[in-house]
Amino acid sequence: MIFRVNQSSGIPLYLQLMEQVKHAVETGALREGDQLPTIRKIAEDLVMNPNTVVRAYRELEHEGIIELKHGSGAFIKKPSEGRVRLIRKGQAVLETAIERLLSLGLSEEELRRAFEHELSQANAKRAQGTAKEGKL
Amino acid sequence: MTDFIIETSQLCKSFKEKAALRGLDLRVPAGSIFGFLGRNGAGKTTTIKTLMGLLRADSGSAHVFGSPVTDADRSIEVRRRIGFVTEDKELYPYMTVEQIICFTRPFFPKWRHDLERRYLEIFELPLKRKIPDLSKGMRSKLMLLLAISRDADLLILDEPTDGLDPAAIEDVLRELVAIAATSGTTMFFSSHQLAEVDLIADHIGIIDQGRMIVSGSLDDIKARYQRLRVVLEKPVELPVRWEDGVESVRQEGRMISLLTSRNVDAIVEQAQSIPGAVVERYPVTLKEIFLEQVRSN
Amino acid sequence: MLWYKGWLETRFRLLFILGFTTFILLLQYSVRTATPPPGARDPAFGLILFSNPTLVLMLCALLGGAGIVTQPSLQATKGLHGSTLFTLSLPVSRLRLLAVRAGTGWLEVVVVIAALCCGMWLVSPAFRAVATPVEMLEYAGTLMACASALYCFSVLLATFLDDQWRAWGTMLSAAALWWLSTHTPLPASANIFRAMREGSPLLAHTMPWTAMAFSLGLAAILFFAALKVVQFREY
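Chains as they are written, first to last, in our numbering: chain G, 624 to 759; chain A, 28 to 324; chain S, 360 to 594.
Derived by calculation from the structure, the hints in this document are not laboratory data. Any given hint could turn out to be false.
Derived Cβ-Cβ restraints for the label pairs, each shown as a range [as the list claims (entries may be wrong)]:
1. D85(A) x S632(G): 43 to 51 Å
2. L727(G) x E264(A): 34 to 42 Å
3. R736(G) x P95(A): 27 to 35 Å
4. G280(A) x I710(G): 37 to 45 Å
Ideal Cβ positions, reconstructed from N, Cα and C, are used throughout, including at glycine.
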């Protein structure tokens, strides 16, 4: 499994890692039961601090995407029923919002940019929040 | 209560007329990768030499592994647990690579032959070549080999990637990360490669004119330092007295750029309270934090 | 391994000194074959009185404290100074570092003195006629003991002077002291220079024990002083 992080993008590294794992799950590159590389391996391959990887893994576990089996490693979890329902709900919300915005006259590009902008703002807020929660 | 492998308190050191350290407070947590940053002449090497007992501080205290650096009795045992890379990477000019490894080995009972072999291979160090015939980059790598193979509990590295090409820097950092991931070795290193430090360090300290101006966990610092962009409706000069924690303010027309070092929420609130203002947050790189803090000091 | 390092540092210096010694002996050999003019002093005695101690002095000055580098010297590469930081970062006491460094140099002094004496014995029938093998051994022992003070003086200078200054400093100081010793009344027991010439077993036919003891005592004091410098110096 090859991950890549962009140092200069400004997005916290652990978030980038999380996004890549989630993306891999959504596209089917990673399936339920697949094992993620060890923290050490990712840290070495990407030349980043192991604690950053630890944080990403913990957050992923918190969100229910992976399971940390003590001693054996990190495994992709089958999304729980609740999770699937939540994703479906989110998709429904997005569908309505997109329809509305398109009908207002926004172009697809404008829509995409607006969405990404709001998302990065939300990420920045969240990063500050988790850091405050203290060291892992 | 965190364990601090290195701890200094109000360390002062002057050379003739120049004051190199003016009350330095440094705390390096055990097991951390600590990036020690500063401009040339800020006092990085002086600090490192004081920790290694090569210089004596005029006042203040410095402790490594809990013992004061001035304690001569314990200093030998302390040095047995430290791997040190000097700033100028100079080694004995009359020895070959092989000879200096043979020379250094017996001093360290915990010497790791497997690591020695590994680094000889990865760093491509020619055993029979004389040290003066090595390039600076190769000498850096050799010093790293000597420092790491002794299975130290603490690595003190003064500009370990100095003189190395990008590929070699990558190799070195990867090895440092590997060590951090497997053993509990604490790493204290000074560097000018801010991008690299941003990647591998979990704690940093910025020294300027002999004092520590920023220090702490990198995550913490990155969370406290945010760039706020405030877009106003009209290009008005604001007679605002910003809340504590605003490091710099730049205004161009309707756009104000703020850099915060703490108290972000209060500042955001204050900005949002300006009628018609739109406030956005952007993360800040270590380089920006460094430049901002060092310039304003 | 410190002894090994010391050896690597000074082996070329030692070879140079041995070469120089051979040169002196060859000179002596060539003089031997020439017929001295009537009334002239026996050249063999010239050697004992002058060249040997001079050689020994040079020897001490050059070998003394070699490797204890303080400032970047003119001819040595920068490497020698920077590497001092590496050495001092090793888990070794400065006493041990100084002792091994001084020790290797002193052993080399001993080797050269021994080579010199054996060489003299082989090269000059005049010596063989004048001195017994035992006396040659005593002479060698005297030189070694008397050289100790000079050697340790060089070691002390090495702790705060760089290489070239140290070598010249030792030689000039020793020459000055020698001159002083010949022009001021010093008790024979303390006169180390005298012990290496007129007082030596080859000429006086007794061992100058007090001078030797004085030299060794002085050597110890100078070494101790050098140690204190090394321990308190900053790098």
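Right, here's what the structure says about each hint:
Between D85(A) and S632(G) the beta carbons are some 45 Å apart, a value that agrees with the proposed interval 43 to 51 Å. A C-beta distance of roughly 35 Å is found between L727(G) and E264(A), which places it inside the suggested range of 34 to 42 Å. Between R736(G) and P95(A) the beta carbons are some 58 Å apart, a value that contradicts the proposed interval 27 to 35 Å. Between G280(A) and I710(G) the beta carbon distance is about 43 Å. The supplied range of 37 to 45 Å therefore holds.
Against the hints set out earlier in the document, a violation occurs for number 3 only.
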